[in-house]
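Engineer: Chain by chain, the residues run as shown.
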Amino acid sequence: GAVVSQHPSRVICKSGTSVKIECRSLDFQATTMFWYRQFPKKSLMLMATSNEGSKATYEQGVEKDKFLINHASLTLSTLTVTSAHPEDSSFYICSARGRQGPNTEAFFGQGTRLTVV
Amino acid sequence: GESVGLHLPTLSVQEGDNSIINCAYSNSASDYFIWYKQESGKGPQFIIDIRSNMDKRQGQRVTVLLNKTVKHLSLQIAATQPGDSAVYFCAENGGEGGSNFGNEKLTFGTGTRLTIIP
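Protein chains in written order, with the working numbering: chain A, 1 to 117; chain B, 1001 to 1118.
Take these hints with a grain of salt, some might be off.
Computed cross-link-like contacts, DSBU-like style, restricted to lysine-lysine with a CA-CA straight-line distance of at most 35 Å [claimed, not checked]:
(1) Lys66(A) with Lys1042(B)
(2) Lys55(A) with Lys42(A)
(3) Lys14(A) with Lys1042(B)
(4) Lys1042(B) with Lys20(A)
With the C-beta cut set under 10 Å, the calculated list includes, among others, these residues of chain A facing chain B [claimed, not checked]:
(5) Ser9
(6) Thr32
(7) Lys41
(8) Phe107
(9) Phe108
Which chain A residues stay away from chain B? Per the calculated CB distances, all over 10 Å, these [said to hold, decoys possible]:
(10) Val11
(11) Ser15
(12) Thr17
(13) Asp65
(14) Thr78
(15) His85
(16) Pro86
(17) Val116
Everything labelled a hint here was simulated from the structure, so no lab data went into it.
Here the structure is a predicted model, which is why all the values come from computation and not from measurement.
Where a beta carbon is used, it is the ideal one built from N, C-alpha and C, also for glycine.
For reference, chain A alone in the conformation it holds in the complex:
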């Protein structure tokens, strides 16, 4: 299957700082990218959907000013957690879907474990 690379895999930051997570599709053009958040032993919660060159569509309850998403190219999307707080500590996962259409699998990155201290 297609490869989606997420970086970094782990990051520790201080409260009040910002952290950027990158999601790259390595061998296909990702017209749509999704960002999820996952708490321990819980399911994936969709945070936002982004199309290349467009503003991201955020799910209800997700602060768009806190979780900045940029999808500047067909192979790269970034999630920036601004002014991070300990409650932002979580596992963040991106996924990407290509031009084949909506009813096709989405490929997932390896995830980023964010710890805010």
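Got chain A; can you put chain B on it based on the hints?
Structural biologist: Just chain B, lined up with the frame of chain A:
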């Protein structure tokens, strides 16, 4: 709101036996379903998918069954191996946003932790 859920949060199966993981969904407009496997600390890994115009689809050691009448999805894993131990999620696609190309989001179920007993 619409949701996808799972009947069993945990499942233990003897190595070599078959396992069945179930999923109920509530969005009757969903037209595409995927099963993912997630190992600890990793992102979900695609296992198998099925479209709503099908009832059954088989892969290598895995079979997905779709019953649209009762909105139920299942994943069957044959001859389980220790490497099958993981959390399994069903995900549904569709129902919102019309047919925006490549834009329909996946909604994930709760997840079932499958443990293979040696």
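Engineer: For a quick check of understanding: which of the numbered hints are violated here, in increasing order?
Structural biologist: Result: no hint breaks.
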